[in-house]
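Keeping the supplied structure of chain A fixed, place chain B upon it in accordance with the hints.
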Amino acid sequence: MNMHADAPAAASIESDKVELKGSPIVAAIKASGVEFVISVPDIVTSAGVLRPIADDPELKLIRVCKEDECIGVASGLHYYDKRALSLIQHTGFLDSINAIRGVAVEYAQPICMMIGLLEHDSRRPPRDSPRYGVRIIEPILDAMGIPHHLINQDADVAKIRAAIEDAYATSHPVALLIGRRPSAS
Amino acid sequence: MMKRDECFRVLRRQVTDEIVVTTYSSAVDWLALGERALNYFSIGAMGLDSSHALGLALGGPDRRVICLQGDGSLLMNLGCLVTIGAAAPKNLVHLVVQNGTYEANGEHPIPNPKIDFATTARAAGYPHAHEFSNLAIFEQQAGRVLRQEGPVFATLHVEPSQPLTYDYPKLYDPSRRQALKAALMRR
Chain A
1 MNMHADAPAA
11 ASIESDKVEL
21 KGSPIVAAIK
31 ASGVEFVISV
41 PDIVTSAGVL
51 RPIADDPELK
61 LIRVCKEDEC
71 IGVASGLHYY
81 DKRALSLIQH
91 TGFLDSINAI
101 RGVAVEYAQP
111 ICMMIGLLEH
121 DSRRPPRDSP
131 RYGVRIIEPI
141 LDAMGIPHHL
151 INQDADVAKI
161 RAAIEDAYAT
171 SHPVALLIGR
181 RPSAS
Chain B
1 MMKRDECFRV
11 LRRQVTDEIV
21 VTTYSSAVDW
31 LALGERALNY
41 FSIGAMGLDS
51 SHALGLALGG
61 PDRRVICLQG
71 DGSLLMNLGC
81 LVTIGAAAPK
91 NLVHLVVQNG
101 TYEANGEHPI
111 PNPKIDFATT
121 ARAAGYPHAH
131 EFSNLAIFEQ
141 QAGRVLRQEG
151 PVFATLHVEP
161 SQPLTYDYPK
171 LYDPSRRQAL
181 KAALMRR
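So the sequences go chain by chain: A and B. With the working numbering, letter number 123 in the first sequence gets 123, and the count goes up by one each step, no holes. With the working numbering, letter number 146 in the second sequence gets 146, and the count goes up by one each step, no holes.
Chain B with its partners taken away, still in its complex shape:
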């Protein structure tokens, strides 16, 4: 089993000019690795991070979009797998961090912590779906996963984290959304 912050450090080394869409606990760990104008913290409506990512992928087909979604968040919008599978954006990478809990809401278990998201994504139409539970293997494969023709799906099996501090006003700050839009419009 991996740790989420370790996985994100692996990803951070691979990320260049991609938009990274993330939310709640994943957003806290991702932001700890540094500010980027191309980060989009989808706080305010849990589950919609993957839908935001789809819109960003369709709006800018020349730029890759990485969605870092929690398992509880995906369960709130499981139909998005079918929508994304059908829309089939080639520039979307959808990574789900599976720790089996609603971490930001008191670490209660999700209804079925063993749900197989990768199989579900494959059945929904994602041409590539992966699973990782070993950090060394993930580190070896991450670059390839991020550059496959999308939509690409991967489950990252991680341990529940130590309790995090959620600074929602900082994550939610409108200046972040303005910075993202400005960065995308500059191109």
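Next up, chain A with everything else stripped away, as it sits in the complex:
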């Protein structure tokens, strides 16, 4: 594989005027009944989502070493009807495919993942991304039968609660794809 094809598009990324604020995302997570956030840090969601969550006494943050741990921990919490969100990067999602396959999909469990699309050009749909690692995410989710929703601007934040509620109501995994860095406001 030509690694240079996936090199940063630097200045062109996130140079549009569309906004995605972090605080409504965190509010939506809490409104969804999520009590635990399980995370490996992701630079996309670091400032706007993970840091506010770390400071929020209403959310319990479990810092894990590797993203597939998120899937196991969230599964264990589910047996007590405790809602959890796995906050990870798309690279971690790719690394966790077997755990997601075995635990989330085959066990039909409400594993809710918020996935930062690292260095995605947010003006394009992820599946049209010039970055191979981003371009394959939605097709993989489709192949696995996992519903997914793109959170790319403030208006998309309303999808979060509905997606998490549906995942728990019908016991299936869901992926919320964060298409740009949410601001820390």
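Check before you lean on any hint, since a few could be wrong.
Claimed, not checked - Each computed EDC-like pair below joins lysine to aspartate or glutamate, with the alpha-carbon atoms no more than 20 Å apart:
#, chain 1, residue 1, chain 2, residue 2
1, B, Lys181, A, Asp81
2, A, Lys159, A, Glu35
3, A, Lys82, B, Asp62
4, B, Lys170, A, Glu106
Claimed, not checked - What the simulated footprint calls covered on chain B by chain A, stretch by stretch (three residues with Cβ under 8 Å from a Cβ of chain A suffice, anywhere in the stretch; the number is not a length):
#, region
5, 77-91
6, 117-131
The hints are simulated quantities; they were obtained by calculation from the structure and are not laboratory data. Just so it is clear, CB atoms sit at the ideal spot from N, CA and C, and this is done for glycine as well.
Just chain B now, kept in the frame of chain A:
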């Protein structure tokens, strides 16, 4: 050196209302000692048994959770020791059965059969880490280990078993997971 099924018989005599999370070869030997709604067989993603156990421990802090994990399984998720050490659930007992092999996958050796898991667990933040290789001593100490304030870690040094029969459809049956959830929700 001990035998895994002998160790599990010792544990079974001590277990009451704990959740027991286990997988693959350990699950086969544990199930041979009887059905329990509070058994959780973590088949499907090797290595995640300890993470399932952490989630169960955090979700229900009033109930103790015992994870019976193979050495190959722990090696696939070694970072869980650091995660569990940091999360520090007081109700989690993490027992690793060390036979030096990937038993369910053809009995090939793990990369370093002499790895010192107890020292690793202690360094990762477990306040208590034990090792047992003598059945009489394990029998004498098991009750104390299971009731220490967690997270507690112990390595059980065992011989490789005779070949086991893996009935994965039985272990994997969704009714087991439903029974566990129902048992936990009844409380």
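Here's how the hints hold up against the structure:
1. B:Lys181 x A:Asp81: holds (9 Å)
2. A:Lys159 x A:Glu35: holds (18 Å)
3. A:Lys82 x B:Asp62: Holds: A:Lys82 and B:Asp62 sit about 14 Å apart, inside 20 Å.
4. B:Lys170 x A:Glu106: Answer holds: B:Lys170 to A:Glu106 is near 15 Å, not above 20 Å.
5. 77-91: holds (count 7)
6. 117-131: violated (count 0)
Going down the numbered hints, you'll see the structure goes against just number 6.
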